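Asker: These are the residues of each chain, in order.
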Amino acid sequence: MTVGAEKQASDAAWEFRTRHHLGVQPLGDLVELIERTTCADVAVLDPDDGEHGLTMRDPVGGAVFIGIARSRNPMRQRSTLGHELGHLIFEDWANETEYGARSPEEIRADAFARHLLIPVVGVREFLGEGRPATETDLSALVQRFRVSPQIAAIALYDGGYIDEDTKATWMRCSTPQLATRHGWTDHYASLQDDSDRLRAPQSLVARAVTGYAEGVVTAQTLATLRGVPLETMLAELDAAGVRPSQLEPADTEELPDLDVDLSDLEDEGASS
Amino acid sequence: MVAAIENARAAAGLSQRALADRTGMSQATLNRILAGERVAKMTEIILIADATGCTVAQLTGSAVADRVQCAARATDGASMSSMRQRLLHFMELDAYLDDHAIPSAR
Numbered sequence: 001m002t003v004g005a006e007k008q009a010s011d012a013a014w015e016f017r018t019r020h021h022l023g024v025q026p027l028g029d030l031v032e033l034i035e036r037t038t039c040a041d042v043a044v045l046d047p048d049d050g051e052h053g054l055t056m057r058d059p060v061g062g063a064v065f066i067g068i069a070r071s072r073n074p075m076r077q078r079s080t081l082g083h084e085l086g087h088l089i090f091e092d093w094a095n096e097t098e099y100g101a102r103s104p105e106e107i108r109a110d111a112f113a114r115h116l117l118i119p120v121v122g123v124r125e126f127l128g129e130g131r132p133a134t135e136t137d138l139s140a141l142v143q144r145f146r147v148s149p150q151i152a153a154i155a156l157y158d159g160g161y162i163d164e165d166t167k168a169t170w171m172r173c174s175t176p177q178l179a180t181r182h183g184w185t186d187h188y189a190s191l192q193d194d195s196d197r198l199r200a201p202q203s204l205v206a207r208a209v210t211g212y213a214e215g216v217v218t219a220q221t222l223a224t225l226r227g228v229p230l231e232t233m234l235a236e237l238d239a240a241g242v243r244p245s246q247l248e249p250a251d252t253e254e255l256p257d258l259d260v261d262l263s264d265l266e267d268e269g270a271s272s
Numbered sequence: 273m274v275a276a277i278e279n280a281r282a283a284a285g286l287s288q289r290a291l292a293d294r295t296g297m298s299q300a301t302l303n304r305i306l307a308g309e310r311v312a313k314m315t316e317i318i319l320i321a322d323a324t325g326c327t328v329a330q331l332t333g334s335a336v337a338d339r340v341q342c343a344a345r346a347t348d349g350a351s352m353s354s355m356r357q358r359l360l361h362f363m364e365l366d367a368y369l370d371d372h373a374i375p376s377a378r
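Chains as they are written, first to last, in the working numbering: chain A, 1 to 272; chain B, 273 to 378.
By construction, these hints were calculated from the structure, which means they are not laboratory data. Possibly wrong hints are sitting among the right ones.
Okay, the calculated bits of chain B under chain A, using three or more residues with CB under 8 angstroms as the criterion [stated by the list, open to error]:
#1 274–287
#2 337–343
#3 355–368
Only a predicted model underlies this, so the values are computations on that prediction, with no experimental measurement involved. Just so you know, even glycine gets a beta-carbon here, dropped at the ideal spot from N, CA and C.
Throw the hints in and build the complete structure from the sequences for me.
Answerer: So, in structure tokens, the structure goes:
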């Protein structure tokens, strides 16, 4: 990647953290963060293999949806969320996309995700300065910032904590290996369960529920949107007291009299 | 349109038999439509849309599908068609709620 693109990604990530008062702390639920801070609605889906993330925009209405694959690899899912947020911020829109191609926009979005998820200044605040990092530090960073060992190793290298050889060695580690060696397997299992769950786009669901209450969409529309059986959806709506409104018939006495000429309908033989 | 109907069926979690039951169409007719051997009539499309909770526009293709712009992350040469169809479904529903003046949730 060019130095310019790396700096562009780093500056944009820092600007995003500053604008939304995120400090240098680890970011929590990225789906909620993206939905709260941008115009995008995010869904965690169950697509075909190899489909990690997709951001789609309607240039006319302005609606934006981000789809992310459910995954047993929570760190990669977070990278993908950060990557798609990068596309949104840099407005990397294309009508035709060669999916998976390593274009400059893809590389810049990866760098944005890295700088957003684990800023070097956050690493410095956590580890302090003036000492080389150990594998225990690497594990702590991976667990704390919920990033892959690859991304954490790059941040440690950028911060001057490790040399290039150590970076290359640590980039070959896997998160499950670190979790097992450093005792946080249970935490990792709970992160896996979270990232493996389907999630419907929250704002669209809320809007569709309003539409259901106003009789514009059916319960099946909501069930399909949420990815649950119709019976489950109906039970949820009933428990929440959401029912389609019934149109009240108008009081017929208040309706104006109509003067309709029905003579053309009369039998010609009978009228003569 | 076949891919859109198949995707809508899968998104609604319905088997082909369940979709046939819900729409009142014979399974043979539905199979022929899904195999691309017979073009669905508009009345059938409306029944399928109703049974799967999709909009008619999602099944027939619309201006929204033609104009959307994307940015994706894929590996192994994935076509992204599955995720694209799901996001298009959200787009079509969003446009449908716009048309019916349902206010945005934010």
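Asker: All hints are to be evaluated individually against the structure, with a verdict given for each.
Answerer: Hint by hint, here is what the structure shows:
1. 274–287: This one holds; 4 residues, not fewer than the three required, reach chain A with a Cβ under 8 angstroms.
2. 337–343: holds (count 5)
3. 355–368: n = 12 at 8 angstroms, threshold three: holds.
Consistency with the previously given hints is maintained throughout, with no hint failing.
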